[in-house]
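Following the hints, put chain B in place on chain A, whose structure we already have.
So the protein lines, in turn, are chains A and B. The numbering of the first sequence is numbering that gives the first Met the number 0, which starts it at 0 and goes up by one. The numbering of the second sequence is numbering that gives the first Met the number 0, which starts it at 0 and goes up by one.
Derived from the structure by calculation, the hints contain no laboratory data. On a predicted model such as this, the values are computed, not experimentally measured, just so you know. It cannot be assumed that every hint is accurate.
The calculated lysine-lysine pairs, modelled on BS3-like cross-linking and capped at a C-alpha distance of 25 Å, are [unchecked claim]:
1. A:48 to A:36
2. B:25 to B:66
3. B:66 to B:132
4. B:25 to A:48
5. A:1 to A:48
6. B:25 to B:145
7. A:48 to B:145
8. B:145 to B:132
9. A:36 to A:1
10. A:48 to B:132
11. B:66 to A:1
Which chain B residues face chain A? A few, computed with CB under 8 Å, are given here [unchecked claim]:
12. 41
13. 45
14. 120
Where is the CB? At the ideal position from N, CA and C, for every residue including glycine.
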Amino acid sequence: MKVLFFAQLREVLDCHTLDIQAQLNSVADLRAQLQQKGELWQEYLAEGKALAAVNQTLATEDTTITASDEVAFFPPVTGG
Amino acid sequence: MAQAHTDIDFIAVQREDFSLAVEYAKLCENNSRDGAVVTFTGLVRDLNQGRSVSSLTLEHYPAMTHKALQEIVQDARSRWQLGRIRVIHRVGRLQLNEQIVFVGVSACHRGDAFAACEFIMDYLKTRAPLWKKEQTDSGEHWVEAKQTDQHQARRW
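Just chain A, same shape as in the assembly (with noise of 0.2 Å):
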């Protein structure tokens, strides 16, 4: 699956875009796994520091995710 970080989030990770290749079925399972790949992803990535939104809709963990999907990881909006 293709996988998104915007904002600060891409900043501080560097990194814009990954493709995921593993067997993952939620947010929960997609946010563990890549909060492995380090310390800053770990904190970074933590539940209430990063939303996901999955295919253009904000996720919360329980929601189920495919190989087709689009996952984004990013930090709460201040737009507006």
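For chain B alone, coordinates are given in the frame of chain A:
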């Protein structure tokens, strides 16, 4: 730039500035059904969370922003009796005092128009994937989300 224009809803995410007069006219023109038009315009201000701001850069998630705004507009329509709705959010680099966001709502009566305009702004501030980076005297900072915005959005 993503844009959708149906007869009654207009949503745009754009770098270009917008004209309040033009937007207001589009809410009113040939619209004798509605007796109320409420508009909100958000501007770049010079002081935020104690820092002196010189400009802002707005980043967004292009594939999602338009969709998120559309969902918020639909949500507003399910809660109140509304006529026309226009939402414009700018992205990219913005200088002090520039316009950032516009929400305009027409309705038969003012109560619905006032409520929907505030609701759309409150939801936009907590659900639309846009992020502000401030350029200040002490360098660049990502703006942190405010608890008060979450509280405002939870009222509805």
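Consistency of the hints with the structure:
1. Pair hint residue 48 of chain A plus residue 36 of chain A holds up; C-alpha atoms about 17 Å apart against a cutoff of 25 Å.
2. Between residue 25 of chain B and residue 66 of chain B the alpha-carbon distance is near 22 Å, which keeps this suggested pair within the 25 Å criterion.
3. Restraint check for residue 66 of chain B and residue 132 of chain B: satisfied, since their Cα atoms lie roughly 22 Å apart, inside the 25 Å limit.
4. With a C-alpha separation of about 40 Å, the suggested pairing of residue 25 of chain B with residue 48 of chain A is violated against the 25 Å cut-off.
5. Straight-line distance between C-alpha atoms of residue 1 of chain A and residue 48 of chain A comes to about 20 Å, which keeps the hinted pair within the 25 Å bound.
6. Note on residue 25 of chain B and residue 145 of chain B: the hinted pairing is violated, with a Cα-Cα distance of about 33 Å set against a maximum of 25 Å.
7. Annotation: proposed proximity of residue 48 of chain A to residue 145 of chain B holds, straight-line Cα distance about 13 Å (limit 25 Å).
8. Simply put, residue 145 of chain B and residue 132 of chain B have alpha-carbon atoms about 14 Å apart, close enough for the 25 Å limit, and the pair holds.
9. Among the hinted pairs, residue 36 of chain A with residue 1 of chain A is consistent with the structure: their alpha-carbon atoms are about 16 Å apart, no more than 25 Å.
10. For the given pair, residue 48 of chain A sits about 17 Å from residue 132 of chain B by alpha-carbon distance, which is consistent with the 25 Å threshold.
11. In summary, the hint linking residue 66 of chain B to residue 1 of chain A is supported, as the alpha carbons are separated by about 19 Å, within the 25 Å threshold.
12. With 8 Å as the threshold, the beta carbon of residue 41 of chain B comes within range of chain A, its nearest partner Cβ sitting at about 6 Å, so the hint holds.
13. Violation of the interface hint for residue 45 of chain B is found here, the shortest Cβ-Cβ separation to chain A being roughly 17 Å, above the 8 Å cut-off.
14. For residue 120 of chain B, the suggested interface contact is upheld, since its CB lies about 6 Å from the closest CB of chain A, less than 8 Å.
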